[in-house]
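If you're matching positions, the sequence shown starts at 3 in my numbering and goes up one per residue.
Check before you lean on any hint, since a few could be wrong.
In silico BS3-like cross-links for lysine-lysine, where the CA-CA straight-line distance does not exceed 27 Å [as the list claims (entries may be wrong)]:
#1 Lys129 with Lys53
#2 Lys6 with Lys25
#3 Lys6 with Lys129
The calculated label-pair distances, taken between Cβ atoms and stated as ranges, are [claimed, not checked]:
#4 Gly67 with Phe135: 48 to 56 Å
#5 Thr57 with Thr109: 51 to 59 Å
#6 Trp77 with Glu141: 28 to 36 Å
#7 Glu87 with Thr45: 33 to 41 Å
Derived by calculation from the structure, the hints in this document are not laboratory data. Where a beta carbon is used, it is the ideal one built from N, C-alpha and C, also for glycine.
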Amino acid sequence: MHRKKRGAFALQHKHWTLEHLKKVPFSDESRFLLHRNDGRWCTRLETSENKLPETIVGCHQSVGGSVMVWVMFPWQNLGPLIPVECTLNSCAYLSIVANQIHHYMATVYPANDGVFQQDNATCHVSKSVRTWFEEHDEEFQ
């Protein structure tokens, strides 16, 4: 489904010039782990290597070992870097859009010609988020 939507978007906008694309900031969120990864590590060792000190990985048990941020990437510069304090659900995402991005888009694109680009993450396409964007459609393309 996402592939079809991306293809349809590409066909619809294939005539766009660089000037059009300069008005399309995109956004994404990312989680950065402070202590390696939070999953399993798989390694393959020869039998003779399994006790060598350089092949042993220590454990570090801690709570709160990650930081999540949300950022916007417009053509002109780096947009706001917003720390995400909780799980990024529809409510948290709508808070970011309404309190941060709404003002930023109005400042960077005063003619309301910016096209806010987002992916199809569940929290981005929820009913409450879509409703908010529909209510503010004159400010966001």
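Index of numbered hints that the structure contradicts, given in increasing order: The structure breaks hints 1, 4, 6; every other hint is satisfied.
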